[in-house]
Structures are given as structure tokens and as C-alpha cells.
Amino acid sequence: MTDTADTSLLTTASGKPPFYRDTTIIKWIVQVFTLVVVIFALYFLSKQAGDNLKARDINTGFDFLSVNPSFAISDGIDTAPNTGGRALWVGMVNTIRMSLAGILAATILGILVGVSRLSNNWIVAKVASAFIEYMRNIPLLVHILLIFFTLGQLGDFGKEINEVTGKLEQGPINGWIHISNKGLSVPRIHISDGFYQWAVFLIIGAIVGRWVMNKRTAARDGTGAETYPVLSFLGVLALFGFIGWFLHPFFGWLGDAIFGPISRLIPNIPQIAVQLALTALALVMASLWIQRFLTSRRTPAGLARLTDDDWFRMIFAGAAAVIAGVVFLVIWPGLSSWIINSSRDFFEVATDKFGDGRGNWREDWPIDAARPDISKRGNFANPGPAGLNFSQGFAAVFFGVVLYTSAFIAEIVRGGILAVPKGQTEAAQAVGLKRSTMLRLVVLPQAFRVSLPPLGNQYLNLTKNTSLAIAVGYSDVVQIGQTIFNQTGRSLEVFAIWMLFYVACSLAISAVVNFFNVRLLIVER
Amino acid sequence: MTNTDATVAINEELGSRDDMIVCDGVDKWYGDFQALKDVSATIKEREVVVVLGPSGSGKSTWIRCINRLEQHQNGRIIVDGIELTNDTRNVEKIRSEVGMVFQGFNLFPHLTVRDNITLAPLWVRKKPRGEVEQLATDLLERVGIPEQADKFPGQLSGGQQQRVAIARALAMEPRIMLFDEPTSALDPEMIKEVLDVMKELARSGMTMMVVTHEMGFAREVADRIIFMESGEIVEVGTPEHFFTNPTEDRTKLFLSQIL
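Here the protein sequences come in this chain order: A and B.
Per our numbering, the first sequence runs over residues 547 to 1071.
Per our numbering, the second sequence runs over residues 2 to 260.
With the rest of the complex left out, here is chain B:
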């Protein structure tokens, strides 16, 4: 991997920050199929990393390993200084530090929007209800749908549901947010409203790891782009380096197919 000057510059700038996610030689198999091959990467505080790659390249598997929705088999994953092991206390601690937004929203359909957001702070953080309700109101304000608080998820549009899902993850006041293809299940006019919320979040200094196919978002918001194929990290660099001057042939092929 040869880095351009810009990549060197950003790596120097990032070097002074704390490590938020460290992956070191992570391997993951599904039966005989190896989904992740020796994946090593470090994500710094307040950094926005976009993971790109063709379908089946292991992007989602990797991001799901980071909060133990999938279990890696080799290597180490350290999140905010805590290593993911079989110790359930570590797993619980990491999950309450890491927010996740899914492709299919996965809102709880039997609870109102407000209850979806307040559930975890009430039961995991054990905060008083008055405070949590206020938090929910503030978060819905932030994602732009304060008037939907008492509706059920089934009554909202896809874009609104995804924004509720972001508010639900933010309610735990996480230090890291993971986005697993957050706009793939949305109509084009709804993608923008979700991306706007994510851009606002990035500007506020949240550490974010985003798996997406939105090239415009990657170019505009990302600090670094990680390109994966067949379970391997192929190339890492700034958006400028990645979109204008990629070094690897596989990256060039990918870009030629989507641009």
C-alpha cells in the first residue's frame, strides 16, 4: 500500500488522537467460507470512516463483529480500550458504548417512537424516567421529527423510521456509532433526510464507522475510506486519494463500475 502525501498528512494528524477501535488480524469463518481475512485497522477518536466494497466483501460482517453481533475467531478487537472477549461484562460494556444503525431499521414495532428511544436508557443506564423522556424529546428534535413521538414505527415512513433508529442509538450517549448500510432500504427522496442527520452527527465530532454505497456521502464526509474485497482490506486512504488516484487495480475496477 503506497500512500499519497494527503494520506500521510491525515495519518499524522490522526496519530495524536486516542484509538477508538483497534482491529488486529481479525479472521471470521462461516463454515468453510472465510468472511474476514486478517483484517487490521485502527479508527481514531472523532474520525469518520466509510467502508466501501462490492456485495459479499465482508463489510457488514466486520462492522457486526465490532459489537459482537457476530463472533470473530482469530485476532483481537479492542473498542475504547476494552477487548472483546467471552467475558459478558466486557461485551455489555462495549455494547452500551457503541450505537448501531441497521439497514432494516429494526425498530421495536410494539413500542411507540418515544418508548423505542427511552427503553435502553431506562433499563441499561437506569436513569429516571423524567430525564429520559426529555432526552427523547431533544433527540427527536435533533433528527427533525419531534411531532412523531407518540406514533408507532409502523405509522412512519422509511426515512422517518431510520431517523428514529439513529435517535434510539444516540439515546445511550455512545462514543462510537456504527452504520450498516443505513440508506439501502430507502427510497431516493428519503435517503437525503437520513444522510443529512448523519452529516450533522459527523460535524458534531462523533466517531463513526459507516458501511454504505453512497459515494457522495463518502466523498463529502469521510476522513478515511477503507476499501474491502473478498474479506480483505485492499486500500485505505483519504476520499481525495481514493476517488482520484487509487493505487490498487481492484479499487480502480470497482470505481470504474460504479462511477
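Chain A extracted, bound-state conformation:
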């Protein structure tokens, strides 16, 4: 039979194939070609942009980050920032604050609505369905504008001066909650400066309590006698909390002894040191990654033969580190001054919060419930012990994204619960678990595992959707960035900062979600 077979296959199988059929060579050619095209495209676009900007006499660069922007910000940690970088930082903090609060509120509301929709109670289930349909079938921008204008239509009632006493009236519910065209005012747990000293007591209490709990768990497992380990933990924590409540100024020295020196040291760090440190960090991380990658390719018999793809990965990791180093060292020195300034800010705040034996031994409790101060509405920078005053814009964006996202989260939660096989609830019932215990220990852990990846997507959406704040003038990073580029004309630079900021936020959220996702994976085989 062999003499009639096609012999060309046999002859090439023994020797080397021609280069246009060799997969190794084909792979390298395609990869190198792609890399060249990408680099050329980037070069071409940036050259074009640079030429056009030059022709129109537009300056480029990140110098605006260290120049006083001379505009005021309505909401935020600093309403009169002294540099452009700080102004953007205020916006970033606003975005982060909005996103974190929104994620928390949307998750709680979403779980409630999702479980309600599965309820056997007809009215509860229908109300939940109606809420979901209303929320998810109308664009988010419409929701935000609707809330914004509804709040604006409210009068500024409750602010009258009482004719008899001459004092400001507190409004309905004795001033605890107040809705008006100046925004939404709610009470909050006021954290006074003493709180941070009290927190030191709580941390020590938690460590000691944990030690006691481990001891008692071991004793219970050894003898079988009930020793209430969790109650012991809570008891120790409560004891430390109680003592610290009265003795918290004891830890006032921490501010001047530790945080003060650090905050005074930071401005003396030369910029070039931060740049070199960042560059070194990039190179170290790349080499660590490559090392770890090589370890993962190691077999008991020694290093496995590396494929072409493995080489591409290692080369690209090294190239990325080198490019990052160039960015840190040459293109953007403003970054290092920003890092120095913001970390100094952080330690200054810490010093200030711990104070110097601060606080009256009797009057300044660590935490306190505080009514909103309605004479200062419309201002998020709440001075003194008072409740939260959300500005109209904050309230509109916050409730817009929370209500909108919670509708989607509700559907994800419902799907997750329905995805748990019926046999699981039957088995749980058959061993006699109560409904609430069954939900907590059997159904929700499995539903959560299914829901987590889509839940992470909703968190990303919520974070990105907060950028709609620009429609109602809330000072998030986009709104402040736009003000800056209107003033300075540095649109490309501002866009770069926006994109990097949102990418960083998204990656951080994904990292957290993935962490839990890996931990929740069900082990099979």
C-alpha cells in the first residue's frame, strides 16, 4: 500500500518543514508584526496629536497639577484646593466615596428586593417586581435628573425663625431628617477625635479577645463542655470598649509621637527618590512576576520546555516594566510630588485626629449620634458634630445609582437563589433545619457563589455610572477635570488621568471580587 501513498508528507516529517509551515516561525512573525504595528500606530497618533497641538500653539504637560486652579469646589474634603492635583484628588475622593457608599447601599437594597421578589407573600413579590421594572427600564440619567429636579421643587421649609424664641426651627421629626431644595440632611454617628484613641483600645481588645476565644474553643473541643467562645470574645471586646470609653485620651500621645514625625519627614523626601522608588517597584514587580511564572512552569523533572507564548509573556512583562519606569522618571515627575503631598496629608490628618491628649475627659465621647445642622445645608464639608448634609447633586446621583443598580442586583440575587438545586433545600429540610438557618447556611452560600461574578460587573457599572454626576453638577472627578481642562486647555492630559483613575478603580473592585470568588469556589476533584 505504501508505494501508492502520498510520499511528500513522509519526507518532510523526517526533516525540517519549510519556514512558511513551521508553527514556531509563524508565531514569532505574527507576534513581532503585531507589536510593530501597535508601536507604529501609537507613535503615529501621538506624533499627529503633538504636531497639531504645536501648530495651534497649545501647550502640553502636567504642570497644571501643581498650579493653583483658583476655583472653589462645592462638595468634598477640601472646598478651596491650592493645586490642580489636589482639586482632582478632591474629585477622586468624591467619586470613591460615592461608589463605596453606593455599592454598600445597592447591595443591601438589591438583596432585600431580590429575596422579596421570591416571597410567597403576593403583595411583597408584586411590589418588588414593579420596583425592578420601573428602575431598569428607564435610563439612569433620567432617574438622576428626576431626583435632582424633584428635590429642587421642594420648598426650603422648616427653616423659619421661631418668632417667640428667635431661634431656628428644626423642622419635621425634630430636625433628625430634613429634605429640601438644599438637599437631604440625615443624622449620622458623629465620630469625634477621641474615637481614634478609643479605636486603639478596641483593636487591643479584639486581639486579646481573639486569644481568649481560641483558648476557649480549644477547651471546648477538648472536653466537650460548652465554653461560649464567641460570647467570651464579645465580652472581652466590650470590656476594653467600656474602659476605653472613659480612658481614651490615654492614647493621645500616639499623634505627636508617631504620626507627627512621619508627616514632618515626608516633605523632606526628594522627588527623585519617589520616582526612583516607583521605577524600582515596577522593575521588581516584573522580575517577581517572571520568577513566579517560571516556577509555575517547573515540573518535578526540571524546568519544562518553554513555549513561544511563554516567551512572549515574559518579554511583554519586562517591556511593560521598562515603559512604566520611563513614564515615572521622564514623562510625569508631577506624579511624585502628588504622592508626597497626599501621603503627607494623610499623616497630618492622623496627627491631628490623635491630637495631644486631646479631648475633655468628660465631654468628648468617642462617638455620638448627631442631628444635621440645617443652617449649613448644601455643604458636604460638615464642620463640627452634626449630621450629614447631602447636597442636592450628591443626593440625586447617590439615589439614582443606588436605586438603578439595586434593580439589577435584585435580579442577580433572585437568579442565584433559583440556581440552587431544589434538592438542597429538601435535604436541609429533611435534616430539620429551620428556614432561616437553611437560607443562611445552605442556600445563600451557594447562591452567592453563582451571583458573585455578575455582582462584580454591577459594582463596576455603578462606579463608572457615578460619572453622570456631571449632569447635576456634583463635584466628582469628571466634573472637576472638565473645569480644569476648560481653564487650562489640557484636555488630553485630563482624559489620561480620568482613564487611569477609572481603570484603577475597576481593577481594585475586580481584585476584591476575584479574591472572594476564588475563596468561594466549590472544590471538585
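Hints are not guaranteed to be accurate.
[To be verified] Straight-line alpha carbon distances no greater than 27 Å define the calculated DSSO-like cross-link-like pairs of lysine-lysine that follow:
1) K980(A) - K672(A)
2) K980(A) - K128(B)
3) K968(A) - K152(B)
4) K672(A) - K968(A)
5) K200(B) - K152(B)
6) K980(A) - K968(A)
7) K152(B) - K193(B)
8) K968(A) - K38(B)
9) K127(B) - K152(B)
10) K562(A) - K573(A)
11) K127(B) - K980(A)
12) K128(B) - K94(B)
13) K127(B) - K761(A)
14) K968(A) - K127(B)
15) K980(A) - K152(B)
16) K980(A) - K94(B)
17) K38(B) - K253(B)
18) K128(B) - K761(A)
19) K128(B) - K152(B)
20) K94(B) - K968(A)
21) K94(B) - K127(B)
[What the hints assert, rightly or not] The following label-pair restraints were derived from C-beta to C-beta distances:
22) A752(A) - D151(B): 25 to 35 Å
23) D151(B) - R843(A): 26 to 36 Å
24) Q817(A) - D151(B): 49 to 59 Å
25) D151(B) - P813(A): 50 to 60 Å
26) D856(A) - Q156(B): 26 to 36 Å
27) D197(B) - W668(A): 48 to 58 Å
28) S675(A) - F244(B): 52 to 62 Å
29) W857(A) - S56(B): 53 to 63 Å
30) I861(A) - D151(B): 36 to 46 Å
If you are wondering where the hints come from, they were derived from the structure by calculation, not from laboratory data.
Quick reminder that beta carbons are idealized off the backbone N, C-alpha and C, glycines included.
Here the structure of chain A is known, so what remains is to put chain B in place on it, guided by the hints.
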């Protein structure tokens, strides 16, 4: 129903024992379809009853009614002296007295084998963990897989999973065990290991109600066999009576098809 002498004898012997499960005129409909028709039977303490019948004859529905996984519409079910009513306390009490093993194992996939077994004693019986862990170790020893305690259900074979499910039910120290086709989802070589555990359980004096297609098991272990068809109990008798000398035509037809 005419009983042979052997059936009369065993009924006399059983008569002296306590009633564990009493069903009296139980009816169950799914919409227009009647799944159980006037089912009445009494199962005594330490008795092993095997329920046979073609698919769709209502065997599983009946056994699931006994711990309220399905709700019957007419008649009474009394388990260990407690009647199944809408009173949730009665239902909870009965469920903690009755262990159940399912065709599809229904182990909790997110918990280890040990945690599957300790979950109910910890949360329902509120026993201390040290004692429950010891119980789990003993039960895994009893079903022959002590070395698998820290694995997850997905890492075990079907036969091992079903034995864990039996250990999980036994951890509540039930007075009655219900088996709903426990070997139907298993490969032939795994069926034996599960049946061996069930035989050991029967010899230890557990009251058992078993829905199965394993005729060998029914012949060897059962005290009585209940044959059902179309939601009705057709014939009740000892294995000897049932396999050698059935009285009803429908029973004869069934046996001629499977033997």
C-alpha cells in the same frame, strides 16, 4: 387482600410493637392528577418495609409526604405519635426524628464531608462541637469511609457520596429512616457498598421505609413488602409471599416483567 399464613404470623408478631408511622386514607393530587389514592398503612418499630412498584406509581410521593417534603391533602399521617399538621412545630419535630436519603444524594457541595454531617446536630440539636465532631468520625467509620472526612462531596464517588448522605441522616439520631431510591443513580459496583450499609442499619434495629428497585435487597432484608400501582396500595405481604405466591394479578404482571 388475602393473607397467607406467613403474613398472618408476621402481622401477629408486629402487633405487639409500637406504631412508628401510621397513614390513614392519604390522598394527594397534583392539579387534576391524583398521585396517592386512599393510602393506608402502619409501620411498626424496628420494621423494614420495602415499597415496590412501577415508575409513577406514587412510591416517592408517599415517602416524601411522610416528612412533609410534599403536603398531603386528605387523610392523616402520624409519625411516632405526632400528627403532621400545618403546625410548624410538629413538622420540625417530625423532621428531626426522621432521616431521609435521596436518589440524588443532595449533599451540600460547599461544605466538607465532616461539615455536612455536623451541620444539623450543631444547629438543630445545639450540641457542642467537640461531641458532634466525634459523632461524625464514628458515623464515617460505620459507613466505611473515615479517611474522606475533610474532602468535599464533589471529590467523592457516587457510592461514597450516598454513604455520606446516610451518615448525615444518622447524625440526627433518627428513630426512622426513609430511603427514596438510594441506589438508582449509582453504577452497579457502587450499589453493593450502599446496600451493605443499609443492611447493617436494618440489622441494628432501625425502623426503615425503603423505595427501591433492588429486588435482591427486598427479598433479603424486608420484613414486609408493599406493592403500589397508580397511587394505590395493591398488595402487602412478607417477601416470601410476595415473590413466590402473590395473590393480585397486577403484582404477578409486575413480577413477570422484572424477574
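Task: Hints not upheld, ascending by number - done: none
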